Every structure is written in structure tokens, then in C-alpha cells.
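2 protein chains.
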Amino acid sequence: MSYPNEVTITEVCPRDGFQSLPDSIPTDEKIEIVNKLIDCNYKQIEITSFVHPKAIPQLKDATEVVQGIKRNNSVKLRALIPNLRGLDRAIVAGVDKVKLMLSASDSHSLNNANSKTFDAMKGFESLVKRASESTVIVSGSISVAFGCPYEGEVPIERLSAICERYIDLGILDLSLADTTGMANPFKVKQVIRVLREKYPQLKFSLHLHNTRGMAFANAVAGLEEGVTDFDSSVAGLGGCPYAPNASGNIASEDLIHGFEEMGINTGVDLDKLINIAKILEGKFPIQSDSFILKAGKCSDLHIAPKEQKKLG
Amino acid sequence: MSYPNEVTITEVCPRDGFQSLPDSIPTDEKIEIVNKLIDCNYKQIEITSFVHPKAIPQLKDATEVVQGIKRNNSVKLRALIPNLRGLDRAIVAGVDKVKLMLSASDSHSLNNANSKTFDAMKGFESLVKRASESTVIVSGSISVAFGCPYEGEVPIERLSAICERYIDLGILDLSLADTTGMANPFKVKQVIRVLREKYPQLKFSLHLHNTRGMAFANAVAGLEEGVTDFDSSVAGLGGCPYAPNASGNIASEDLIHGFEEMGINTGVDLDKLINIAKILEGKFPIQSDSFILKAGKCSDLHIAPKEQKKLG
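Respectively, the protein sequence lines represent chains V and P.
Once you know that position 281 of the first sequence is 1372 in the numbering used here, the rest is easy, because the numbers rise by one and skip nothing.
Once you know that position 17 of the second sequence is 1108 in the numbering used here, the rest is easy, because the numbers rise by one and skip nothing.
Relax, there's no trap hidden among the hints.
Which copy is meant is left open, because identical chains are indistinguishable; a pair holds if it fits in one copy or across any two.
Derived lysine-lysine pairs resembling PhoX-like cross-links, with alpha carbons at most 25 Å apart:
id	residue 1	residue 2
1	K1145	K1188
2	K1369	K1385
3	K1397	K1151
4	K1127	K1167
5	K1145	K1400
6	K1374	K1388
7	K1280	K1388
8	K1385	K1374
9	K1145	K1401
What the hints contain is simulated information worked out from the structure, not anything from laboratory work.
From a predicted model like this one, the values you see are computed outputs, not experimental measurements.
Please put together the full structure from these sequences, using the hints given.
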């Protein structure tokens, strides 16, 4: 029962959420939403992805969004990048941090990045070199780390080999992503325990999807293994391409509400965040998916029906 | 990371699910569904509630359902009972076990049973006496054990006092119910650890609702504190009266799929169960709520889109 006193939540809706919407949101609306998110006191926001506009047209205004928002000193902006061109755009735009895209399995990697996992990692050297000439910090990621929708089980030896390659590159901040919700608490504990023991120099964060209803349980499993960094998406925007109606990213308000109920401080203003979630739910009712939006917080008490009758 | 090798799941849809539907299901349809559930190898099914037909008309055919199904020796039938009249009906109908209704907080108890918690428990003596003259086994319950929607926090001292009263009555099998989804993993661990240490003679089971997205995490917290008995409802039927669109009972297929993915044997035939869930979802699309119905099992692998194109 030893949980950390505080954790860091990275808000990924502006990247993972917006890229999964069927249409692009106008740039000024994106900027308004991100400004509201900054006002919730997030320490980090995944602001966009610098991918080719033809690949994800929803994020083609990445530079305009980064440069249009009201930044402050307490929030770091992270962007996802697939290649050198993306890194260059991210540096020019002025983000604090980039996250490299990588899939744990060859089949997922071939499908997302047109090359096998370790071939894709060969390209990372030039990215690290270029970033070192800027002020931008490089972090890594491992998608489908807890299971691949095409191959199933991802062996821990494979995750270890990827970690070692990242260490060789000098990248020590790694996001383990349960991209299609195949993790379970046992697997999360097992993977993180092994990797943290083998590579104490690495700092792992968890990016969890609630596809099979286990995201919060997986987050708690991560907490119990010492993870204190988590991604989530306000209003639960961000889906699962393999099951169009299935849940995607864990909703920030669900994760933060749950952690706060457990006595774990996130630093995020939950009431302000719920208001943003309501606005997004109004705009994107089909893509939104959040328990707290439906049920309210635990602290939102009710008047008993019999009392209501008396009052009525 | 010590999880039990096996757990017992009690299917509560025929009670908690059916009572929450806006209309009554025809008796023969109920019997057909229960027969299919028995065929999934459940060890226990909460078959109905012997309440006054005016209170819950959806369950007015309780006796006909119990007597109409095809029983076998491996499944125990449990029924919820509110009073002596209900117990008598349950005995005549021929259930194996009854579960007494009780709320942890006075305001919830007043609203549900027209008396305060410990006043309601006074009536339990005559129930225990009557049951002892039959073959029916008596178990207890504590609703809103992890939080009351009217009062908020339920002090652990109050839960202890209820447990002691149950022990005095000779009732050692207790269901702790998170009736409106106010539990979190920290609270579940804390409550169960304290109660199990104080009252090692009691056997606790968990009845969890997914109202705020934490049901599976709470189940895992229970597992980690030694609980091996859980309630769930196929297709997630069974709601939350305070938030009409919110999630209710954790879906059996979600709980069982999650446990099985963690290597914990439930003994329930998951594929047969998913087929029943699909039938119920077809009949009651608004009331159904299940991750596995939307996303499939983790083991349902996909063909990569690029492979699909090649094949096409």
C-alpha cells in the first residue's frame, strides 16, 4: 500500500485526441482549448505531432498551434516526431521536448513507420545528433509495449533490447504505451519490475488506453511499481483504430479523479479540467468517453429521494 | 505480485441486471438466459430478489424463475431477501442461499429499507432463526460500504460495528458492495486489510460497480488483499440510479477476461458468456455496458491494414 504522494500527468488530447477526430478542428479553437488546459496547471502537455500533413491532416497546423498558445514557465510542451523533417519543424516551432515514435513489434512498426523496429531505431542516431544542436530534449516511446494487435504477446526480451538501444542513444526517458489496451495489471507489474531492475537509469512513463476496461487498474499497477508519470486525454478523446466504438485513451478527468481519491496529488485543477471535458463532449459527443462526465465526482453527493420528496 | 490461482465469480445479472431494466422480461426469457448462464459453469448465480412485487415488479416472478430453470449440482442459487416474508418465499422456491440486504449508512438504509442500519439488523435475528429451520444458508451484505451517495465517507469503525453484529448473528459470509462506485483501490485495500485482520473468521466478497471507471482496479486491490469472491453482471446490466447514463455493475465478461489475462482461473466459459452478453446487448442496447463486447478479447488478433490491402 505504498503509493507516491504525487505524480505527473501529461495531457495528450491536443495530439492523441485531435488526431483521432474525423475532421480537423480550426486552429484558433485548438489554441483556445490548449490555453484552457495550460490554465489547469498541467506540468506537461503533448501539444501535437510533427508528422506529414498528408498522413494526419488533423495536425497539419502543428507549428501554428505551438506558436499561437499562451505559454508559461511551468508547463513543458512535448511533441511527437516521426523523422528528421518532423524534428526540424518541432525545433523551429519551439517545443521543449520531442518524443520519438517506435513500435515494439515488427508488424506494428512496418504498418506505422514502414520499417521494422530495429531498422527504425537506426534512424534515431541522426535525430539525437540534430536535437543536441538545439535546446530540445529527446524522449523515447515504445508503442504496443504490452501486446501487439497483430502479433499478440511482446516478449520482455524484445522490450529489453529496445531499452538497451535507447540507452546507447542516450535517451533515458521512455513512454511505455498500451496502444490498443492489451495490458493487464499483472503484465504491467511484471514488465516494469524487470525493466526497472535491469535499467535503473531509465525513467518510465505509462500511456494507457482503456480499450478493455483495465486502464485505471494498469495505472495503479504502475504506481505500485514506482511509475509516477502518466499520459491521459481530457474527455477521453483518442480512439482505437481496430475497434471503432471501443474506448481509447484513459480520460484525464477519470485518471486524475481516481488518483486524487487515493490521496495522490496530481497538481491539476480537476474542476477546471471537467469544465473543458464538458466543452469537448459538447463538440465531439461520439468521440468523448469519460466516466466522470457521466457520474460526477465521488464528492458530488446527492439528496436521498425520500428527502427530495419531503423538500418537494 | 501474489495473486490467487483461482477465484469465484457470482453472476448477478438475473437479480441486479433484470431489476434495473425499465420493463419486466417475460419469465420464459429469464429462464432461458439463466439456463445459458448455468451452462457457462458459474459456481454461483444470484438468481433473483424476493422483494415485494410492488417495490420491484421486474422480479415479481422470482419463484417461477427459480423453479423453472434447469439446475445442476455444481451451481448454487443465491437470492437477495429484504425480510421474513421474502425469506419464506425463497425457502419455498428452493434457493441454496439467501443474502440479507443492509446499508452501511443510516441515510441509505432509511431510503432503501425504511429503518436505520442497526435497527434493520435487529430484524435479522428472526430471519436467522427461520433459516436455521430450513436448509438455506444465510449470508450478509453491506451496501455503500466504500462510500454513501448521501453522506460520503463511511467510517471504518461503522463497518467494524456492522461486522461484529453479523458475527453475533453467526453470519460469516459478507458481501461488501460499492453500490454507487465510490471506492478506489487505496480504500478497498485499507478497508479489507483492517476488517480481515480484526475478523479473520469473516469471508468477504466484493460487489463492484464501474460508475467512475475504477471497478477492475478495485477488484485487483481486493485480490491483493486476499479476496477471491466477486460479483459481476453479464453485459454490464445493472445501473446506477443517481446517474442514469453512468456505468453500473462491472460486466462479467470484462472482469473474467481481465482475470484470465492475469492468469487467474475463474472456471467460467468466457466465449459462451460473451455470446450471452451479445444476446442481451441485442435486447437491451441502452442498458448494456461492456468493454469486451466493443473491443473483443486481447487474444482476438487483427490483420495489419497493409496486409489487408495486399490480401485484397
